[in-house]
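Since chain G is already given, all that's left is putting chain B on it; use the hints.
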Amino acid sequence: MIHFKKNKEFRKKLKSAIKKGTLGLIDIGSSKIVCIIIKFSKIDNTAKNFDQINETNSFAYRVVGAATKKSIGIKKGEIVIAEEVEKTIRLVIQQSQKMAASIIDEVVVTFSGGNPISKNLFQEINLQNKSVSSSDISFLISKFDFSAHSEQREILHAMPINFSLDEKTGLTDPRGLVGQLLGLDINLITIKKNIIENIDQCLRNCQLNLAGIFYSPYISAKSSLVEDELKLGATCIDMGYGTTGISIFYNHQMVFASNIRFGGANITSDIMQAFQISFNEAERIKTLHGGLIITNLDDNELIELSFSDENKEYYNYDRPFISRSELISVIRPRFEEILEEIQLSLEKTGFEHFSSKRIVFTGGGSQLPGLYELASEYFGSRVRIGRPMRVQGLPQALQGSQFSAIIGLAIEINNLQDEVWDFDIPTNLGPGQKIKSAVNWVKDNW
Amino acid sequence: MDQIKSYPRPSKIRYRLERVWLRRWFRKLIFYLSLTVIFFILCLFIFIYSNDWIKLANFKNYFRNNLFLRPELSVSKLEITNANLDLVNQINAILKLSFPINSIQLDINNIQKIINKIDSVESSNVRINDSGVLLVEVIERKPVAVYREKDELTLIDLKGYKINSIFSRSDRKDLPLIVGTEGNYKVKEALEIYRLLSINLDEIRGLIRIGKRRWDIIFKNNMRIKLPEKNPKRSLRKFLSSDKSHLISSNNFSIIDLRFTNKIILRKLIEEIKNPLIKVN
Chain G
1 MIHFKKNKEF RKKLKSAIKK GTLGLIDIGS SKIVCIIIKF SKIDNTAKNF DQINETNSFA
61 YRVVGAATKK SIGIKKGEIV IAEEVEKTIR LVIQQSQKMA ASIIDEVVVT FSGGNPISKN
121 LFQEINLQNK SVSSSDISFL ISKFDFSAHS EQREILHAMP INFSLDEKTG LTDPRGLVGQ
181 LLGLDINLIT IKKNIIENID QCLRNCQLNL AGIFYSPYIS AKSSLVEDEL KLGATCIDMG
241 YGTTGISIFY NHQMVFASNI RFGGANITSD IMQAFQISFN EAERIKTLHG GLIITNLDDN
301 ELIELSFSDE NKEYYNYDRP FISRSELISV IRPRFEEILE EIQLSLEKTG FEHFSSKRIV
361 FTGGGSQLPG LYELASEYFG SRVRIGRPMR VQGLPQALQG SQFSAIIGLA IEINNLQDEV
421 WDFDIPTNLG PGQKIKSAVN WVKDNW
Chain B
447 MDQIKSYPRP SKIRYRLERV WLRRWFRKLI FYLSLTVIFF ILCLFIFIYS NDWIKLANFK
507 NYFRNNLFLR PELSVSKLEI TNANLDLVNQ INAILKLSFP INSIQLDINN IQKIINKIDS
567 VESSNVRIND SGVLLVEVIE RKPVAVYREK DELTLIDLKG YKINSIFSRS DRKDLPLIVG
627 TEGNYKVKEA LEIYRLLSIN LDEIRGLIRI GKRRWDIIFK NNMRIKLPEK NPKRSLRKFL
687 SSDKSHLISS NNFSIIDLRF TNKIILRKLI EEIKNPLIKV N
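Heads up: the sequence lines are chains G and B, in that order.
According to the working numbering, the first sequence is numbered sequentially starting from 1.
According to the working numbering, the second sequence is numbered sequentially starting from 447.
Be aware that a few hints might be false.
[To be verified] Which residues of chain G face chain B? A few of them, derived with a C-beta cut under 8 Å, are: (1) Glu84; (2) Gln94; (3) Gln207.
[Stated by the list, open to error] One side of the interface only, derived from the structure: several residues of chain G facing chain B at Cβ under 10 Å: (4) Ile72; (5) Thr88; (6) Ile93; (7) Gln97; (8) Ser102; (9) Ile103; (10) Gln417.
[Stated by the list, open to error] Computed cross-link-like contacts, DSBU-like style, restricted to lysine-lysine with a CA-CA straight-line distance of at most 30 Å: (11) Lys69(G) / Lys13(G); (12) Lys474(B) / Lys20(G); (13) Lys458(B) / Lys19(G).
Everything labelled a hint here was simulated from the structure, so no lab data went into it.
Fair warning: this is a prediction, and the values are worked out from it, not measured in the lab.
From the three backbone atoms N, C-alpha and C, an ideal C-beta is built for every residue, glycine too.
Next up, chain B with everything else stripped away, as it sits in the complex:
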């Protein structure tokens, strides 16, 4: 029975150490001790460096030079595509960026928001190139008509957005004129009416929105075509395709009233009025 050999077992010191380690108060002690040691090391560090505040400032510069001014992160140029010179200057003036700049500091989403707020911009796409170029792709609004409101002439696009103001009508003679409150909300209809007339633009002074509900066409010779509220295009087309269409080119009338479906009311020019109303049909 005595032949069972001895085998390795822990020493007394190791046993006691392990038992101490299992005590909760000992673990807490170690934890707080290590905390205080770390605190003292930090204090020592600050104490050494606080004697020389320039060193701390150098520390800041070191981070700046090494982190923010790395060539991989810097942006050197702003490129704006699909925009005319006026818009480019406008964007440059708004963004006020000074290059080179760190790409971390650039807020691309914010830049895009700012650019989209410009009147003549419909949408934009902002990104940073691999070669450190801030690319701004702009889709401009296309002016389709001139809109006059309270003696102010503005260009508007198809959706009725005001793009920018112009000084006189003669600046954009190629575009039709729309007048009247909320006339810019119905640009599409106005343009279609223009297309139906298929006359040189010079002969028409413009379209007036009356009472926010219907259109009047005014010609150079102050002749007016009054269009109905409902289906103005159909009644105009009907009038133009009828045998009375020559009435437009004759300079005898001041008003051609198409507001009624089954009749056309004409008003003669004042000097020729004998019978004020001539009933056709």
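So here's chain G without its partners, still in its complex pose:
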């Protein structure tokens, strides 16, 4: 039996930061580290008119500071060189603090990588035809054996996604209903050990407290999927630089998440090797001229290989120009490989049995022209290139789809998903705690 002590501590810090008013959000990505600072304002209790109460948001928030910097020392979403990452985090924090003119102590982090494994667990209890109470749910959660999963790996998310009562299923809140068998599905995402500890250590060296950690495919789906897609079910594919994240949503809950260790960086290194140019130059022509569908016009379109590169003598610049069709013919096979990998891992989940086979592409890689046509060949017609939602106060420069993770984090913090550690899991109570829980019970009921 594990107590999720660390996760509960995160939640406590997060709540205190929200109470204090400012919170930092950091996206530790393979290509860039983004930090935004959001400021909360309390709910307007003086609102008398019903229209004045904003029901969708539990509290108003606003982005007051933002900074983004190229990351060094991160490979496939995992920290490789801690010192370099620390330095970059420091720079990003410093700049966004300057913009916000306020200090942050608590940060929430999103990251990809760590080789996540998503597992759905199911347990049920016998209620003997009584109405479901919150203590029943806590008891049900305590029946799950999380410790078996946390031996080799670490639990990142453990979300209750579905309650079932006898034959009824798809319940979000079964409290008050009468039934016999109460069942619960939990989506458990585990990652490799010590990844959270590494991030925590990095932040502690920057005098910051970690107040929560979220998995980035889950987070970027929150910003890219619209309400109907969340309800009816959709797959969000976050095409990052180092990794490509997959998350499947159904009935507002994430039912599956996975990670493919291919990304935009692989395409860039292919270009680099194909044309014997530097990495930066390859990245430049990929973002400016890259594409996925060759047309006749592309044969004639010549791309100039820059000579301003400082170490150009090491590279073969005998050819000053390449045609765009050549570039596309390098990009496309690698991209098809990524799509194949996506399809493979979707097949494993039984994606074809889903009623809604909607696929939403987001992330920096989704900006490649021709993705829509290529992806709809692979996955059928229900493909959409998603752009993140708008968050109040976010700079224009940070509204592209490569920032969908950080925007999703702001949305998620505003409307937190319940996790297992948010419930009071009953343990063997000592005498002092019994009184405490009795007091809490009185408080809750009156």
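Then chain B, alone, in the frame of chain G:
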């Protein structure tokens, strides 16, 4: 992927300093610390100079010499124009200025008020010249008549302001005499009556305002012309242009009464009275 080069980023110390600077308590601390430092410097200054109080007095003198006694600011002279000698002496006596004086210390508006309060001054203009001269331009009141009230003779101007008193009527024989309460309020009318008579002033003793409403003209030979309340000038002009005007020059009557529009009432001198009233017309 490892080819991304390192780029300059802030050091740990700088990062920590900036974070400390963003803390509110630290800023408050700096603020109060700087306040106390300033306070101590002031205390030190006073401590050093308080041993030698003469130095502090010198400090005062230094300011006085350097600020108030600058030649650009000093006023050296008072010039009064358009005024007779009596008025000049009067103004000098009232202002009591000792030159040189600093122009900052001079209140020009106040000086102008004081000068305007003098009876014989109608208006004045006070300013300071470029060459450090306090210029006072005075417009005096012009005496037009002598006014007697309770055995006191005063000169009055056209508006009836009392300018200054004189000792005897013979001092200003050139000006007509006006007597009677509130006679000075109707100086203009009185003067016009004088002009109508067009006689040498010596022949007329003066005009008396009677009951604050009408005029009497008194001649040297105690003859009196009683003028009506309404339109005294018209009735006088009518009388003078009529064939009865010679009655003035004849010394036979003590009173010529013009108060009635359609008749003139004459009173003979006492020694000649046989019929006290002679009705003309």
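Going through the hints against the structure:
1. About 7 Å separates the beta-carbon of Glu84(G) from the nearest beta-carbon of chain B, less than 8 Å, and the hint is met.
2. Taking 8 Å as the C-beta cut-off, the interface hint given for Gln94(G) holds, the closest approach to chain B being about 6 Å.
3. Given hint, Gln207(G) at the interface with chain B, holds; its Cβ is 6 Å from that chain's nearest Cβ, closer than 8 Å.
4. The beta carbon of Ile72(G) comes within 6 Å of a beta carbon in chain B, closer than 10 Å, and the hint placing it at the interface holds.
5. A least Cβ separation of about 6 Å between Thr88(G) and chain B falls short of the 10 Å threshold, and the interface hint therefore holds.
6. Satisfaction of the interface hint for Ile93(G) is found here, the shortest Cβ-Cβ separation to chain B being roughly 8 Å, below the 10 Å cut-off.
7. Satisfaction of the interface hint for Gln97(G) is found here, the shortest Cβ-Cβ separation to chain B being roughly 6 Å, below the 10 Å cut-off.
8. For Ser102(G), the shortest C-beta to C-beta distance to chain B is roughly 7 Å, which falls under 10 Å, so the interface hint holds.
9. Satisfaction of the interface hint for Ile103(G) is found here, the shortest Cβ-Cβ separation to chain B being roughly 4 Å, below the 10 Å cut-off.
10. Look at Gln417(G): its Cβ only gets to about 31 Å from chain B, farther than 10 Å, so that hint breaks.
11. A distance of roughly 26 Å separates the Cα atoms of Lys69(G) and Lys13(G); the hinted pair therefore holds under the 30 Å criterion.
12. Straight-line distance between C-alpha atoms of Lys474(B) and Lys20(G) comes to about 19 Å, which keeps the hinted pair within the 30 Å bound.
13. Distance hint between Lys458(B) and Lys19(G) is fulfilled; the C-alpha atoms sit about 29 Å from each other, no more than 30 Å.
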